[in-house]
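Undergrad: Turn these sequences into a full structure, and let the hints steer you where they fit.
Quick note, the sequences are listed as chains A and B, same order. In this text, residue positions in the first sequence follow this note's numbering: the first is 18, and each later residue adds one. In this text, residue positions in the second sequence follow this note's numbering: the first is 18, and each later residue adds one.
Treat each hint with caution, since some may be false.
Any copy will do: because identical chains look the same in the list, a pair fits if it lies in one copy or spans two.
[Stated by the list, open to error] Dumping the calculated DSSO-like pairs for lysine-lysine here, alpha-carbon to alpha-carbon at most 27 Å:
no. : residue 1 : residue 2
1   : 263       : 363
2   : 263       : 25
3   : 130       : 314
4   : 314       : 298
5   : 123       : 251
6   : 348       : 263
7   : 123       : 152
8   : 363       : 251
9   : 26        : 257
10  : 283       : 263
11  : 144       : 170
12  : 74        : 152
13  : 26        : 263
14  : 130       : 251
15  : 251       : 263
Derived from the structure by calculation, the hints contain no laboratory data. What you are looking at is a predicted structure, and each value in this text was computed from that prediction instead of being measured.
Number of protein chains: 2
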Amino acid sequence: MTQQTQDKKLCMIPGPIEFHENVLDAVSTHATSHVDPRFINVFGETLENLREVFAAKNAQPVVISGSGTLGWDIVASNLAQEGDNVLVLTTGYFGDRFTECFQAYKANPTQLKATPGDRPTLEQIEKALSEKEYKILTVTHVDTSTGVVSDVKAITELVRRVSPNTLVVVDAVCAAVAEELYFDEWDVDVLLTASQKAIGVPPGLSILVISQRALGVYESRTTPVANYYASLAKWLPIMKAYEARKPSYFATPAVQLIYGLNVALKQIIKTGPKAIFEAHKKAAVDFRAHVEGLGLKLVPVNHEVAANAMTAVWFPEGITAADFVPHLFGKGVVVAGGLLADIGPKYFRVGHMGLSVVEPERGYVEKTKQVVAEGLSHFGYKGASQ
Amino acid sequence: MTQQTQDKKLCMIPGPIEFHENVLDAVSTHATSHVDPRFINVFGETLENLREVFAAKNAQPVVISGSGTLGWDIVASNLAQEGDNVLVLTTGYFGDRFTECFQAYKANPTQLKATPGDRPTLEQIEKALSEKEYKILTVTHVDTSTGVVSDVKAITELVRRVSPNTLVVVDAVCAAVAEELYFDEWDVDVLLTASQKAIGVPPGLSILVISQRALGVYESRTTPVANYYASLAKWLPIMKAYEARKPSYFATPAVQLIYGLNVALKQIIKTGPKAIFEAHKKAAVDFRAHVEGLGLKLVPVNHEVAANAMTAVWFPEGITAADFVPHLFGKGVVVAGGLLADIGPKYFRVGHMGLSVVEPERGYVEKTKQVVAEGLSHFGYKGASQ
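TA: Rendered as structure tokens:
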């Protein structure tokens, strides 16, 4: 069941995405010690390049072996203390789960929850911030379950105006590198993401960028961090050591995946984040036009709240994910069903991020558009004229 | 800095180890959805094969994206509650750190600590167990910092005789597949390990096998698990779903590393765990004879406590890790310096596990023996005759 023997399907779900050949080559780098000077240099360079990609010169990058979800634990266990108020802006499944994570660490999260497909308004957020002192506000940049994008820039400006000490934590798992974000300039406090989305590296790396403000909050804790593997006390010296090109050890890093991340970040820097954001915007506009042209409705309530990284689309009457997704699989393209409880079977999700939009000449998105149209037709859908 | 451009060195540290070409090929499997039916089948088969490799038919295997260290958090946060007594048998660095991990979760660990190179005696363990009611006993099967092996079989028999409800947790990070262990037969409760040691897969997977007794203790908790990413409440349904070949989602698994694990476990099953244990024993006897033949002393105080997976060796007077390790690196072989505080520079460590001992015809261990002897000579050591 390896590269050679497993029939290739186009992986067009909202992550994991298609990986560049050079990235896949790098993740199969031969056995290398985690304190090999050559690997130390690669990891150090990777951390430096994360600063560059996210325009986060003043912040601390952290890369840990784990899934994107681990980033929530790192935030909740290091930045919140028992009873701390947290405002969780919820635009889908992932806001609900991040709330659970804060509860596990005995913080006191409050959800400001939009109806599926929408997002809380700035007025609602301002009102919520005026009602309670929040130590942390979290926002899902793109909620993978709905394809709704949040306006991180406006939210951060609002927080700085009405509650300047509140930390702004951006869950950018499905957004980083696909949706515009300038860490220092926008004054964000934490960006957390994962390797397998628009960054374009196989899953297994939890990636964070942490502001000096957030590090100050962490350092001023009055209670110990109630976690071991996610403890910044353990990881900050390790990240600093790698960046200083010195050997260190807490837990063995995922050496091969970090080789992959190193290659992916260099590709991103070469193309340029701004050009990449534009490519995602263009692909999203085009993909939305395609499905709307077929007469379908988007899960996001309007184009302003629709992500550039992915699109969630309602099925027409009579078609469900249980039929449609396996049919497209048979045609060589993997798309995802819905993720929200109850309504999951009623919509599907397509990722158009990373390689498929940065190198459109590969035809991945075009092929996906084609099989989506053919699949709908196969199940008897007659299109906009119905 | 990928496979093609990075000069190959033989990675003979006690993990990460040399990886089989087919495993490296599998970890670069093209992009595949975590709910692709083909991946679901591969993950399900991998879990079944973990049962077979560890002779753990009645136990629950768990594979999570993370380093081996994460296994400690899974044990400490799910199986211990605040104030629970834990006896940590300590044979080096990793017992100290596991103790810290229990403290992070507010359990009450007590260390039974041997001097470096030795291990607690069964009499000492029995005495400790008679003094307090311990919910959990932990033992490091092989402590990577000292190369000391613990007698897991005898310890488990002792626990079952004098404190039958105490859970026996085996930190097998540097031992699994290299040192004999039969999970069900020996009545072990938790085996925790990582992918990059004798299993032979790049780092990034935390692997556990959990007994029904331990699951019962977990299920009878009276307080919530104070962790999110490490919570068995989240992961058990996922593992059961993959084994039942059903789609599920909590956090995206490290798809490519699991492809690698699938290949590695099939190789292990093909050779047979017993034959693999024997190969490790033979290689260890041979390697110890080599270094002792050169007049060097082992860190383990005698052969009975010396691991089969690796060997830790004291340098002769006048040679330190800071000189010796880079010199061997220059000769194409990567060995590790010491890991214990204060005495770290005074000894070195060699891993002889996995591929290098299962396929001795590759000559990895022979080459290592040769450069160790030449390196000592290079630094003026005249050998046993000195």
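Undergrad: Does each hint fit the structure? Answer for all of them.
TA: So, going through the hints one by one against the coordinates:
1. 263 with 363: between (52 Å within a copy, 20 Å between copies)
2. 263 with 25: Result: close only across copies, 21 Å inter versus 41 Å intra.
3. 130 with 314: within (22 Å within a copy, 65 Å between copies)
4. 314 with 298: within (19 Å within a copy, 65 Å between copies)
5. 123 with 251: Close inside one copy (21 Å) and across copies (17 Å); limit 27 Å.
6. 348 with 263: between (50 Å within a copy, 21 Å between copies)
7. 123 with 152: Both, since 14 Å and 25 Å are each at most 27 Å.
8. 363 with 251: between (44 Å within a copy, 25 Å between copies)
9. 26 with 257: between (40 Å within a copy, 26 Å between copies)
10. 283 with 263: The answer is within: 22 Å in one copy meets 27 Å, while 37 Å across copies does not.
11. 144 with 170: within (18 Å within a copy, 62 Å between copies)
12. 74 with 152: within (24 Å within a copy, 48 Å between copies)
13. 26 with 263: Intra 42 Å, inter 19 Å, cutoff 27 Å: inter-copy only.
14. 130 with 251: between (34 Å within a copy, 23 Å between copies)
15. 251 with 263: Result: close within a single copy only, 16 Å intra versus 37 Å inter.
When held up to the earlier numbered hints, the structure conflicts with none and fits them all.
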